[in-house]
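**Q** Build the full structure now, drawing on both the sequences and the hints.
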Amino acid sequence: MSSRAVIWNPLASAHGRHRLLIYHNSTKNNIAVRQWSPEDTDPWVKTYQEHAQSPVGAVKVGGEFAALLWRDWVRAYGIIETKPNSGGAPVSYISLLAPVPQSLGITTRYNRLAGTSFQTPDGKDKGWLYYLNNDPPVIHERALDSTSSGTPIAKTLNLMSSAQPAITDLAACYASKLERRFVFFQTIDGKIHAYDVKASAGTADHLVTGAEAARHGTPLAAASFVSVDKDVIVVYWIHSSDGLIYRSHSIDAGFHWNTESLDGAAPASPETLAVAPNSDLKNNTLVYTAASEEADIQAWVDDWETFVRQA
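In our numbering, the protein residues as written are 38 to 348.
Heads up, some of the hints might be wrong.
Calculated cross-link-like contacts (lysine-lysine; reagent style PhoX-like; alpha-carbon spacing at most 25 Å) [as the list claims (entries may be wrong)]:
{"id": "1", "residue 1": "267", "residue 2": "214"}
{"id": "2", "residue 1": "235", "residue 2": "214"}
{"id": "3", "residue 1": "228", "residue 2": "192"}
{"id": "4", "residue 1": "214", "residue 2": "163"}
{"id": "5", "residue 1": "267", "residue 2": "235"}
With beta-carbon atoms standing in for the labels, derived distance ranges [as the list claims (entries may be wrong)]:
{"id": "6", "residue 1": "193", "residue 2": "79", "range": "47 to 57 Å"}
{"id": "7", "residue 1": "51", "residue 2": "139", "range": "22 to 32 Å"}
{"id": "8", "residue 1": "119", "residue 2": "184", "range": "13 to 23 Å"}
{"id": "9", "residue 1": "186", "residue 2": "127", "range": "12 to 22 Å"}
Everything labelled a hint here was simulated from the structure, so no lab data went into it. Backbone N, C-alpha and C define an ideal beta-carbon position, used for all residues, glycine too.
**A** What follows is the structure in structure tokens.
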């Protein structure tokens with residue numbers, strides 16, 4: 038399984054260009070990055086080439102990545118696996134991988150990781166990581182400016198776990214006008230939920246899909262953007278019946294959702310979905326692997342007007 042996280046390069050954006058950075062697994066358990074541009078004849082550019090003599094890294098195979106802009110740096114987080122000096126089973130840690138490796142001191146029992154960040158109008162940076170611990174799994178939230186081991190959230194909901202066909206994926210986004218962060222996950226009945234972290238207990242959980250819609254263990258990718266002075270919250274997932282990518286979006290803080298397939302997008306493999314919104318281009322770019330023999334990496338441009346105008 039190849040995991041990916043995507044983010045628009047802010048340096049290119051500052052000069053009127055659009056370059057999407059794609060962080061992914063390398064062949065030697067390191068983190069690699071490549072670049073995609075909607076403006077180039079050949080949109081895919083390798084920005085990191087692993088040589089034969091490259092050392093084998095400690096990035097966990099199948100462990101997910103999160104790419105965030107925080108304190109003027111593009112930061113890529115991932116899961117590393119180390120063996121204790123005393124022997125025994127390997128231990129998985131969540132770590133900053135780029136621009137420089139730095140352990141966060143967080144252990145996790147699972148491969149799932151998501152994150153979101155935002156800069157307030159007065160210049161304050163906010164950022165959070167989401168991961169799983171415990172058995173059965175429970176979502177934990179860790180603020181990037183915190184040194185805690187994380188706070189459990191959505192504790193009363195039964196997440197899809199190894200006791201079912203697959204473990205839930207995680208996705209997250211920050212709605213800037215609402216000033217709320219949302220975490221997406223799948224429960225044991227197959228339903229996808231959007232969880233408003235700041236809301237009171239009785240209003241935090243929002244149902245996105247029914248039980249039969251999403252593939253068990255579907256990858257999830259979430260984004261939020263502002264259109265017509267409203268936050269639009271979007272989550273992408275794979276349908277259980279046809280393997281096609283579907284989009285669910287809400288314009289009322291997650292209380293109601295509109296769902297439809299991405300017409301024309303190739304069916305997706307069960308690997309990571311990753312998405313990044315672009316306010317200049319007014320679209321979301323979704324990166325995934327096609328479910329084909331070639332297993333080509335796809336960059337699907339989802340124009341906002343194709344679904345926001347229907348809301």
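**Q** Within a Cα-Cα threshold of 25 Å, do residue 228 and residue 192 meet the stated pairing?
**A** Satisfied, since the Cα-Cα distance of roughly 16 Å is no more than 25 Å.
**Q** Go ahead and decide if the range 12 to 22 Å is satisfied by the Cβ distance of residue 186 to residue 127.
**A** holds, 19 Å
**Q** Compare the distance between the alpha carbons of residue 235 and residue 214 with 25 Å, and conclude whether the hinted pair is satisfied.
**A** Between residue 235 and residue 214 the Cα gap is close to 14 Å, so the pair holds against 25 Å.
**Q** In this structure, is the beta-carbon distance linking residue 51 and residue 139 contained in 22 to 32 Å?
**A** holds, 26 Å
**Q** For the pair we were handed, residue 214 and residue 163, check the Cα-Cα distance against 25 Å.
**A** Given that 25 Å is the threshold and the Cα spacing comes to 14 Å, the pair holds.
**Q** Are residue 267 and residue 214 close enough, with their CA atoms no more than 25 Å apart?
**A** The given pair, whose Cα atoms are some 7 Å apart, holds under the 25 Å limit.
**Q** Range first: 13 to 23 Å. Now tell me if the beta carbons of residue 119 and residue 184 are that far apart.
**A** Holds, at about 20 Å.
**Q** With the threshold set at 25 Å, check whether the alpha-carbon distance from residue 267 to residue 235 stays at or below it.
**A** holds, 18 Å
**Q** The hint says 47 to 57 Å between residue 193 and residue 79; measuring C-beta to C-beta, is that right?
**A** At 50 Å between Cβs, range holds.
Taken one by one, the earlier hints all hold for this structure without exception.
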